[in-house]
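Protein chains in written order, with the working numbering: chain D, 1 to 483; chain W, 484 to 555; chain V, 556 to 933; chain Z, 934 to 1317.
Read the hints as simulated data drawn from the structure, not as lab findings. Be careful, since some hints might not be right.
[Claimed, not checked] Under 8 Å between C-beta atoms, here's a sample of chain Z residues computed to sit facing chain V:
(1) M1097
(2) E1100
(3) P1104
(4) L1173
(5) I1188
(6) R1290
(7) K1294
Remember, predicted model here, so these are calculated numbers, not experimental data. For glycine and all other residues, C-beta sits at the position ideal for the given N, C-alpha and C.
Each chain is listed here by its residues.
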Amino acid sequence: MFQTAEENLNAIAAIFRDDSDFVAREFQLPSGGSGAVVFIDGLASPEIINDFILKPLMNDAPISIGEAAKLDTIEKAAEVILDGDTVVFLDGFTTAAYFNTKGFPSRTISEPQTETVLRGPREGFTESMRTNTALLRRKLKTPDLRIESLRMGKRTRTTVCLCWLDSIAAPDLIDEVRKRIDTIDVDAILGSGYVEEFIEDDPLSPFQTIGYSEKPDVVAAKLLEGRCALIIDGTPFALTMPFLFIENFQSPEDYSIRPLSASFLRLIRIISFPVTLTLPALYVALVNFHSELIPTALLYTIAAASEGTPFSAPLETAVMLLIFEILREAGIRLPKPTGQAISIVGALVMGQAAIEAGIVGAPVVIIIAFCAVASFVSPTVSDAANLMRWVLLLLGATMGGFGILLGVLSIYILLASTQSFGAMYLHPIAPLSLKELGDTVVRIPMWMLKTRPSALRPQDKNRRSDDPKPDFSGGISPYGAEQ
Amino acid sequence: MLIVFIFFGIITISSLITPIKNGRIKEIAIICALISIGLYYGIRFAQGEPAWSPLNSLEEWMINSTPFNYNA
Amino acid sequence: MKKLLKILCAAVTLCVILLSLGGCWSADEISHKAIILGISVDFADTPEKYLVTAQIARPSQLKASSADGENAYINISSEGVGVQAALHGFETQLSREIYTGHMELIIFSEEIARSGLTPVLDYFYRSSEARFSTPVIIAEGRAADLLDIQADLEQMPVSSILGTMSNQDSDIIMSGTTMGDLLREMVTEHSAVTLALFRVNGKRAAMEKAAVIKGDKMIGSLTIDQKQYELLAGGEYDEGVQVCKIADGKVASFRIMKCVTKHNLKYENGQFSADISVNITGQISGITFGGEEYTIRAREDLEQILRDFITRGINDMFSATKEINADIIGFNEMLRRKYPRDSKSLLENWDDNYRNFPISVSVAATLTGTGAVRERVK
Amino acid sequence: MSSVKITKWQMISVGVCYMIGAILHLSEVSATAGRDAWLMPVAGLIMFVPTAAIYCLLVKLHPQKCLYEINEQALGKTLGKVFTFLYMLFFFHICTLNTMQAEAFVSAYLLPGTPVIVCGLMMTAFCAFAIYRGLRAIIVIPFAFGIVSGAYLLFNFLQSVPQMRPEFLRPMLAQEPRVYLHAAHIEATVIYGEIIGLLTFAGMLEKKTKFSVCFIITMIISCLYLILVHLRERTLLGDLTPYVSFPSFGAVRMIGNVTGTLSRVESIYSLVMIAFSIFRVLITLWAVITALKQVFNLQSYTSLIIPAAALAAVYSMRIYASPNDSYIYGLNTTPFVWTVFTFIMPLITLVFAAARRLLTKMPTPNTSRKLPEQGAEPSGAEGF
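Model the full structure from these sequences, guided by the hints.
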């Protein structure tokens, strides 16, 4: 830094070289000497600067802004300005001061499109990190919620907040995450996907080992179970680590509806995964290899349907599967997320036309449509299922039931041996712990939910005290009962 | 059929790469031994002739010249 | 690490390509399969050869109503030295591969049954596609005619034959003897088994007799009634109707609901004997005679009629089987199980000893109801 | 060994799935004992008790140690390595025998057109992938998979109950004792004896669980399972059992369409059986590879996996002239060969271990309870 405000001003102006949004304002102090205020128009809010910095400086009053600090190098000054703060140079001082005047426009809090919920909180994260951390703080009003910010990306300098609960999360997990984040040396971090790929456990496996969510209450629930979250400035998605396979089938909806129906829905989600994975392969294996398993009446309908069609069963299934993949992708690219529904309806109409034209048999269209619909039940796992479906189809077409058996066992082994930040991926099923099945495969009522998942090695095991649920029956006598 | 043999041959040879890279001589020796035995049996199988197998000859000897069998 | 990644990707893609090229050995399309429903085996005209006729479904015709003359099946026959050779002969005539995975019926002609079933059955129980649970029946005359009968209620003759057998099975007489049961009996020496004996009258197939198979040869046949008494005596009787003809014009028919049979074998001073006790509960289902006295109050006489009739039926069934000395109840098995050592000498030549093997029958019948009406309408 | 820690129930589930994998060996037992084959698992278990006692004592003397480390610790460096090499050959033969039987089964019933070598290669390729992913994945397979296929086996058994004829079992125990001795010998060595494969990862048990407890529970459950299999075989097939090539599979073919629609259920049953025998191939292949690592004390065995798997697949084609030979040898001589590996060699290791334990304890007064001298002469039934 230099002695006089003017030289400092010229130095910083040299860095920004007359950008249109770079504003530098010189002024004279009533007590002599000149000063300069520097900020980026658009990032800093002009009202705060005019009322709380310029006016007091002009007439020698103290500046009353909460967050302020000293700066000693020009580069740091530039960095701080880019965050939306204002830097003040004064004659006679070799250090400058900067004040928090952030005021850039950001999206209002709205309901996230991807995770719609019938009953439950509707607010979702936005792009600005401060509002996200604020939303999280509102959910977890405990002093031991740590939010530690780190800088990532040489060029983008995005700030990333690592949040965890001190009394619950395992300390070695936090160190591990911090270590992995420090290893990232890339020039741009523009979305949560960048960070995910750098720090995840098994880059080549199609199954994701880091969860993401757009809803603060979901992230809060995961933090309470012993995970840690990464909120990245500029993206509404927060990453939660470690991620277990069963979380694909848990939705925030489950905790706001009756336990029985929640368990039933969860079982349907769990069953729909193997269905969408193996259905086309099973059809091909049944038709081509083990047709004695098909009941005789059904055998006739399949034979009659595939009489005129030109393709062989595996080719036919592959063609239909490809058509559905293309339609699904088109559905997603449609502006509204309801596009997915339109794509399925389109597919069925097209399938019907293909049947009439005799290109494809009716059973194939039914099976592929059902398989595509089943993959929408749990969207996070459906992109892995799409890949695996093709591998199984190939195995089913060449080796029949035997091939599918090997394929399914290999997928099971692949899942069972992956770890996500030290937690076993198939936690309650692979190293089986019967009492943990409660909250995973089936949702037991809240008051029975006593412990946190042991795979995450939480420091304090139980969620609530052990006293049994008080029995309210007979508390209030029904009206008109006291004859 | 031949394709499958070639395919599995390539995969087995490719398992030699990592030990050669970090120079573990013992592993290379064992893998070469395994591959050569495999080739012997593969070729005998491809030509359809019977091959010598320790268990087969041991049990043949036990049946012919030792009391250790139930000759059921 | 990078090198390993490259190899991994190369291996995966190689595996995908090669698998798709090399695979699909044993995959055959459903539309390229001729689905055989039933097979009938006859002696061909040329000696030493068999005429095998197969009924093949035509799935595309199934949906269309069979009224427009196109039946949903075709019958193909070919000759060959053995069943295997004959089946191979189909390949030359058919545009598709034959597929016996869904075969539901095997029919042999009576001549083949009398000359010996082993050479014909051998292919079926060795093939990996055939099932032990496929029923086997015998046809009087040419077995191929059974495949051409008019399948009135069903789409195919084979399913209509199977239908008649299953009704009979549940109602009165014939349990569908499967290939597995037949094999099991053929393996145990001195034992006999009964198969349904069909006869083609006009355009329909009727089952009036039961063929008795001993070893692997057919040695005689039983009438439907005798077969019914064999089920009663053997304890495999579910439920059915028993018609007792007392005198001309006087017939009483009873509906039998439960039948419990006990065999106890006795062995006193070197002499084996068998005592069968049959306990029947039934209902009166029709009386064509008698005035006031044959109503519910006259239950004892009706029970007496039923008892006599069944005892006489079982006894003359045993005498019939003793004539052709076929032990279809399986006394030899029971004796071997109960007295393994002492019965050895008796069972050596069981064929003759069965002829004078004392069997005493005691029947107890109780009638529990008279159907919907209590009194007989005058 | 690696830092994998196995819980009690995981070890038991691995043991039971390993034993169920022996399903394709059972045709030898039902051929010899015929009508009373369902009593043979109990007789075999009684004859297996001395061997089981040896295994439990070996593990008790060397806690947290696997079979190969026990060898080296008890028998010293060189003899230990020789024993480990012999064990490796033994496990390699079990692995290839199982592959051959599973291959013959698959290419006979499931994929008639596919050449046998392809089925073998696919099986061992899967085993290679499983071993590559590590022991933690192998240990976890049986539990979830065991429950699913256990439920199916129960359903399949109940499905065949209406057609069972219990009178085929009589007359019981009417054959001469030599037959029972022969069948019990096969059962004790060929079917139960191969459980020695479990010792190769007995050392990884958690501290608090004892190996002998898991071992006894495994043996009881598998004995019950074998009884059920033989019982169903006999009551469904009757005197047909010696004629059918795979009796336990032939029995399933007898089930008519009890459930109406699903009439021919044996394809699913055969898939479940093949899955269990693949698991057995997997465990024995893992034992072979760790033995190789131990004998030549290499750093890591990952590069050995694929060649060993490929050799297992190819060798399984030529282990015997034809699959039927394995049936004939299985009846006559394999029990004796297997007795050497499963009874004699562990016995020698135990004698050495006990002697070594006594020598070290000799100077100080022997406070702990005097170890029962287990080297008892094998009981008469076991003799030749």
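For each hint, the structure was consulted:
1. For Z:M1097, the interface hint is violated, the least distance from its beta-carbon to any beta-carbon of chain V being 13 Å, above 8 Å.
2. Of the supplied interface hints, the one on Z:E1100 holds, with its beta-carbon coming within about 6 Å of a beta-carbon of chain V, less than 8 Å.
3. Hint status for Z:P1104: holds, given a least beta-carbon distance of 4 Å to chain V, under 8 Å.
4. Against a cut-off of 8 Å between C-beta atoms, the interface hint on Z:L1173 holds, since the closest Cβ of chain V lies about 5 Å away.
5. Hint status for Z:I1188: holds, given a least beta-carbon distance of 7 Å to chain V, under 8 Å.
6. The beta carbon of Z:R1290 comes no nearer than 46 Å to any beta carbon in chain V, farther than 8 Å, and the hint placing it at the interface is violated.
7. Checking Z:K1294 against chain V: minimum C-beta separation of about 50 Å lies over 8 Å; hint violated.
Of the hints listed earlier, those the structure fails to meet are numbers 1, 6, 7, in rising order.
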